[in-house]
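Novice: Generate coordinates for the entire structure from the input sequences, incorporating the hints supplied.
Quick mapping for you: the protein sequence lines, in order, are chains A and B. Everything in the first sequence is counted per the numbering used here, starting at 1 for the first residue and increasing by one. Everything in the second sequence is counted per the numbering used here, starting at 1 for the first residue and increasing by one.
One or more hints might be untrue.
Unchecked claim - Partial chain A-side listing against chain B, Cβ under 7 Å, derived: (1) D47; (2) K49; (3) Q139; (4) V141; (5) G143; (6) M174; (7) N178; (8) L256; (9) E258; (10) K260; (11) V262; (12) F264; (13) Y270; (14) H272; (15) L273; (16) R274.
Rather than coming from a laboratory, the hints here were simulated on the basis of the structure. Just so we're clear, the structure is a prediction, and the values are computed from it rather than from any experiment. From the three backbone atoms N, C-alpha and C, an ideal C-beta is built for every residue, glycine too.
The chain contents come next:
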Amino acid sequence: MGIQSGNMQSRLGKWLIVAAAGAAFCLLAVMPSSAQAPAYKAPKTKDGKPDLNGIWQAMNEANWDIRPHAASQGPVYSLGAAYSTPAGLGVVEGGEIPYKPEAAAKQKQNYTDRLKLDPEVKCYMGGVPRSTYMPYPFQIVQGTNTMMIVYEYAGAVRVINMAAPTKAPADSWMGWSNGHWEGDSLVVDVTSLNDSTWFDRAGNWHSDQLHVIERYTRVAPDALQYEATIDDPKVFTRQWKMSMPLYRRMEKNAQLLEYKCVEFAEEVLYGHLRKQPLKGDSK
Amino acid sequence: MRRHLLSSLIALVAVVLLVSAPVFAQGAAQSQVTAKPAPAAKAWTMPRTPDGKPDLQGVYSNATNIPVARPANLGAKEFYTDDADKAASAATSGRGGRGGAARPAAAADPEGNGLAVHYDTSQFGLGGPTVKRAASLRTSIITGPEGRVPALTPEAQKRAADRRQFQQEHQWDSAQTRPLAERCVTWGFEGPPMMPVGYNSTLQIVQGQGYVAIVQEMIHDTRVIPTDGRPHGPAEIKRWMGDSVGHWEGDTLVVETVNFEPRMAIQGNAVSDAAKVTERFTRVDADTVLYQFTVDDPKTWVKPFSGEYNMVHIDGNVYEYACHEGNYGMANNLSGARATEKK
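Specialist: Okay, structure coming up:
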């Protein structure tokens with residue numbers, strides 16, 4: 001009996017050690033997986049939809065070039081290191097944009113002439129998806145049958161129709177957005193985008209045949225995963241996709257401010273028509 | 001033994017995963033309150049958002065035939081007695097007011113110099129009878145016995161005179177000296193206070209958690225107004241549309257705005273750093289939001305003034321007005337001015 005009892009104790013002890021080891025293993029296994037998309041359950045709004053409300057911003061270098069790129073000299077020598085291009089890993093899945101040959105040549109020309117051609121220089125609205133990863137915050141206001149996405153840059157705004165899909169009467173800079181929920185993801189079908197916006201400062205471009213399908217998914221309390229599937233048969237040989245996390249602006253007083261940039265672009269757009277030309281190129 | 005240990009471990013992992021998964025899911029479920037559909041009732045009841053606030057969401061027209069200032073012949077009469085009275089009075093005062101009133105271009109621009117008319121709105125189907133307006137017997141948007149914007153303070157008169165002189169001397173010098181609306185910086189009507197214009201008098205309200213967002217079709221000017229009790233931002237940050245914070249007083253959304261960019265004009269007069277605008281949004285029936293405002297800027301007007309009009313729900317959308325992107329008029333005007341100088 002005594003022997004048996006000792007045996008039991010020892011077996012219990014061993015079981016406890018195994019249990020402790022197992023628990024530790026599980027914690028290690030569970031913790032990282034909860035940071036990945038499938039394990040995280042998005043908090044819901046009061047009407048039961050994943051809650052995407054918030055002020056969000058990208059933290060990457062897609063603004064300069066959505067493809068992988070090394071650091072490089074900026075387009076204006078006098079601005080030196082302050083306005084040069086930081087290196088970036090890129091956000092295009094697979095790293096490469098499947099341009100048709102003539103479209104690839106146009107991108108190179110766009111890059112060469114970017115000071116003249118980049119719509120951002122002119123304070124033109126950023127379009128979709130570029131507005132998402134410009135270095136400015138944007139805010140999602142999640143209404144009952146509509147969502148509004150307001151971008152600080154150029155005060156651009158999109159109203160996403162969450163009811164039965166509707167059609168655009170004409171092309172526009174920010175396109176026409178119909179949204180729906182797929183599980184915990186907001187899926188937005190964006191059509192009727194004009195051909196005047198770019199993807200980045202590197203001159204990556206599209207035509208008026210651009211069709212973007214965006215997915216916004218909460219993956220952590222303060223992060224969204226953003227995906228954009230890009231289709232444009234005039235410019236690309238196949239569909240391609242970009243993806244990146246977007247982060248919540250966590251400052252207690254975070255808010256969208258005003259970046260009405262028209263005034264900042266008037267000299268570059270209309271300076272040659274001045275009565276008295278400005279001397280030099282500095283304020 | 002080894003096998004035994006391994007199998008215990010696997011079993012344990014499975015148990016913990018099974019236990020932890022519902023825990024995560026439960027956490028999410030607890031924060032979720034089932035939406036209650038509004039009870040069907042014949043009498044109109046205030047629709048509410050899932051968090052219980054009055055639901056102001058929708059697309060509205062704020063086009064109106066009511067003039068900002070009351071026609072002088074009406075004295076202190078704030079309301080017409082009925083539609084017949086209104087029609088008779090409009091015929092004698094000879095004006096339809098702002099808000100897309102159909103008016104022949106020749107009457108608005110008697111000298112035919114093209115300066116008084118931006119667009120003939122009826123020609124483009126932008127105004128006139130095509131635009132839905134809320135019915136109203138008001139004689140003027142500005143309320144009270146005077147029914148007009150009060151007199152400017154001496155300081156504001158000097159500001160306005162200086163600005164006029166600068167404009168006269170420099171109006172064709174550069175884009176930067178052209179009027180703000182022509183530059184697509186602001187039309188000045190987007191406010192606050194939001195004032196009806198000749199066309200594009202369309203706006204949309206979306207309510208999210210802790211915010212009310214208002215996009216106006218006029219040059220896509222948008223305000224995202226926090227309603228979470230935060231104070232205004234730092235006074236150093238001036239904005240064209242000001243710095244708006246909101247709160248609910250009963251079923252009325254009250255929005256207070258300060259920190260205006262000093263070149264922003266309300267009713268044609270640049271405001272001062274003391275300007276404060278208070279707006280009140282009250283949904284009064286299925287189709288109508290009563291919009292009320294008070295402008296208080298003691299450095300600009302001798303006393304505060306208030307106004308109100310009804311915004312009416314419309315079917316359809318707010319469309320993109322890419323004003324700056326399509327502003328070929330600016331280059332044309334300036335090159336015209338340069339060409340004239342060479343003559």
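Novice: Confirm or reject each hint.
Specialist: Cross-check of the supplied hints:
1. D47: holds (4 Å)
2. K49: K49 (chain A) check fails; min Cβ-Cβ to chain B is 9 Å, beyond 7 Å.
3. Q139: Result: holds, 5 Å to nearest chain B Cβ.
4. V141: holds (4 Å)
5. G143: Holds. Min distance 4 Å.
6. M174: holds (6 Å)
7. N178: violated (12 Å)
8. L256: Holds: closest Cβ of chain B sits about 6 Å from L256 (chain A), inside 7 Å.
9. E258: holds (4 Å)
10. K260: Cβ of K260 (chain A) sits 6 Å from chain B, so the hint holds.
11. V262: At 5 Å from the nearest chain B Cβ, V262 (chain A) passes the 7 Å test, so the hint holds.
12. F264: With Cβ-Cβ at 11 Å, over 7 Å, it is violated.
13. Y270: With a minimum Cβ separation of about 4 Å from chain B (threshold 7 Å), the hint on Y270 (chain A) holds.
14. H272: violated (9 Å)
15. L273: holds (4 Å)
16. R274: R274 (chain A) check passes; min Cβ-Cβ to chain B is 4 Å, inside 7 Å.
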